[in-house]
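Keeping their order, the protein sequence lines are chains A and E.
Count along the first sequence starting at 1, add 163, and that's the number in our numbering.
Count along the second sequence starting at 1, add 1189, and that's the number in our numbering.
Possibly wrong hints are sitting among the right ones.
[Unchecked claim] Below, a list of computed lysine to any residue pairs in the SDA-like style, where the Cα atoms sit at most 25 Å apart: (1) K1445/E <-> T1464/E; (2) K222/A <-> F250/A; (3) K380/A <-> Y1209/E; (4) K380/A <-> L1228/E; (5) K1445/E <-> E1421/E; (6) K505/A <-> E1421/E; (7) K369/A <-> K1399/E; (8) K1399/E <-> T1464/E.
Hint data in this document are derived by calculation from the structure and do not stem from the laboratory.
Predicted, not measured: the structure shown is a model, and the values here were computed from it.
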Amino acid sequence: MQHTYSHQVGGRTWHFRNLADLMAKATPARSGDRLAGVMAESAEERVVAQMRLAELPLKAFLSEALIPYETDEVTRLILDDHDATAFLAIAHLTVGDFRNWLLSDHATPEVLEALRPGLTPEMVAAVSKLMRNQDLILVARKCREQTAFRNTIGLPGHLSTRLQPNHPTDDMAGIAASILDGLLYGSGDAVIGINPATDNVAQATKLMRLMDEVIRKYDIPTQSCVLTHVTNTLEAIEQGAPVDLVFQSIGGTEATNSSFGFNLATLQEAQDAALSLKRGTVGQNVMYFETGQGSSLSADAHHGLDQQTCEARAYAVARRFNPLLVNTVVGFIGPEYLFDGKEIIRAGLEDHFCGKLLGVPMGCDICYTNHAEADQNDMDNLLTLLGVAGCTFIMGIPGSDDIMLNYQTTSFHDALYARRALDLKPAPEFAAWLERMNIFEDGARYEPSAELPPAFKNSLKGLSGEARHD
Amino acid sequence: MTDHHKGLVTTNVWRSLRRYTDARIGLGRAGISLPTSELLEFQLAHARARDAVHFPLAVGQLIEDLSHLDSKAIASEPLCLHSQAADRLTYLQRPDLGRRLSPSAQDAVLEAQDSEQSAPDLALVVVDGLSSSAVQTNVTPFLERFLADFEQERQSWRLAPLTIVQQGRVAIGDEIGALLRARMVVVLIGERPGLSAPDSLGIYLTFGPKAGLSDAHRNCISNVRPAGLRFEDASQRLLYLIREADRLKLSGVELKDRTEEVVIENKLANNNFLTN
């Protein structure tokens, strides 16, 4: 059921076409919503829309679907899975009340966890639009989401890292060099995850075997993943490849996911296949998803919704499959969606908040491209803010420079900065391994050993005799 | 070298592994942070990439450079065009405007087209894209090589007048190709600059160009620059694509670039020193 919304401020009455329009106009400004033509036309209209949205009962989201139930399987997933009993705790609230409630001491970590099945992405997106950055941080900090495969991810006071050893031609020695660099800087407890330069089953399998051999030889309590299409991973599993995690980029509308070449049934099939391998030792969260504001608009599949609401809906897709890891790739998509550091930082905090409130193990690829109005200082700011917010994991790449994907993300050094500045520990099993291997001399100071750890000396022996470049 | 007091920086012995990768491994550390010299190296690379995005293409200089080429393709003065994106800030936020010619540019192309006798076989379109330095430094030497190769193989083919577009995206080539009634269009465009490569040129081929085609209708050759895909190799690959497009009467996903597969096979060799 669609109806119009209006709000009176002073002598003027403002009109909004429908709930999607109200949501879009209430969204803090960003270039992607301008590109889509759904943004508020003035700063005043934006705040009026926020005022009207604040008055909206949360219940409204259960009766007015932003994308029709009949034509979108993500809407069906959201509404069919909604738990009316869990929702009772907040069923009497408006969106504005919901913000107050989230910030209050009623909303303890336990209460927030019990509430999750009663929340829809649209409710979460709506309240985020009324929140300042500090609100997004404070509430996300209260959300606990723990997952496990070969280690335990998401404990309070912990921050994990994905070691991302990409190489522009998938050169095995080049990838191994970046893996070694990362491990010796203490990176890789979330996953060792490669974006393949060549996206096919044979190549993915080769990379899976490489990482599997490294993990087994050094007995590393972590997991590997090749970020190839879900159907490639399914085929690799059928061929007997050592698959720890299944990866897929996901979006918040059925049409976005179709453009990515999969549907919910594909993900179910992939999850079942990965579970059947029983490769996890301390847990069985076998999925890894990436998201990012703007992907639905980019696929011309946004149905007139703002990009942040589309993004929040992607987390409903994610949580259905109990992922080990989910991260927003916040600044990768470019300045036509998130123009500058301010917009990227805001989006990173929104995505983390929405994911955590919905019960997703949310990390962030804190990143930018060279045509965005952003730089390393913006990334430092977002890293620090997300560290305070309790972000589950970040990326780790040599010197922030991804030479395959041509963008900048957080470095191994950046993770050590966050650990020291905010006292954030790696996953406990991985932290113990770092100490056992003499990679960290003093785990409490997060300082890598000045000496090459003994276990790696042999591997490098055959390579010695080279002059050092520095 | 900015780090004079070596005792303040912990170096990494595995830095020698850089012979396997351009990744910034073995940077060493000051405390747990980047040493000053590495910090500044990074900042320099980022500054160059930023400049490549924001410096306007020096069109006059490019025309001057091209005028020295010995090719009938450059016989007449290139046509200088502009997209509907008025400036760089608009361009960065509105890719849709960068895909369309401004009204005056449309008129200019139609005028050039009217004077032609028969429809050209190929139109070459130079577009600034996201890196003016890629276009400024690589277009002339690439065309020198390609036009020599091309004119040897396709002596009877007619070339449309060369066009140079400012504030353009890849797809603008399709509109230009259509207005020129060209059978196929080749776009030479500055790619989004990476830290290690601020000057990568991208080459796109469309058979039967018309406004509104998607990426699925184009073939792409990426990373064309002296330190990436060399001009002579890029020229051969483009000739291959033109040959195949001419034979199949199409371009894009249904035209497989088989020249690439050989390269990838070689890279599958396992030389993982961590486990070997």
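Comparing the hints with the structure gives:
For a cut-off of 25 Å, the pair hint linking K1445/E to T1464/E is broken: about 35 Å separates their Cα positions. With a C-alpha separation of about 9 Å, the suggested pairing of K222/A with F250/A holds against the 25 Å cut-off. A threshold of 25 Å between alpha carbons decides the hint, and for K380/A with Y1209/E the separation of about 21 Å falls inside it, so the pair holds. The hinted pair formed by K380/A and L1228/E fails the criterion: a straight-line CA distance of about 34 Å is larger than 25 Å.
For the hint pairing K1445/E with E1421/E, the CA-to-CA distance comes to about 20 Å; that is within 25 Å, so the pair holds. Of the pairs offered as hints, the one joining K505/A and E1421/E is violated, with about 43 Å between alpha carbons and a cut-off of 25 Å exceeded. Proximity of K369/A to K1399/E is assessed by CA-CA distance (about 41 Å); at most 25 Å being required, the pair is judged violated. With a C-alpha separation of about 52 Å, the suggested pair K1399/E and T1464/E falls outside the 25 Å cut-off, and the hint is violated.
Hints 1, 4, 6, 7 and 8, counting from the list given before, are not met by this structure.
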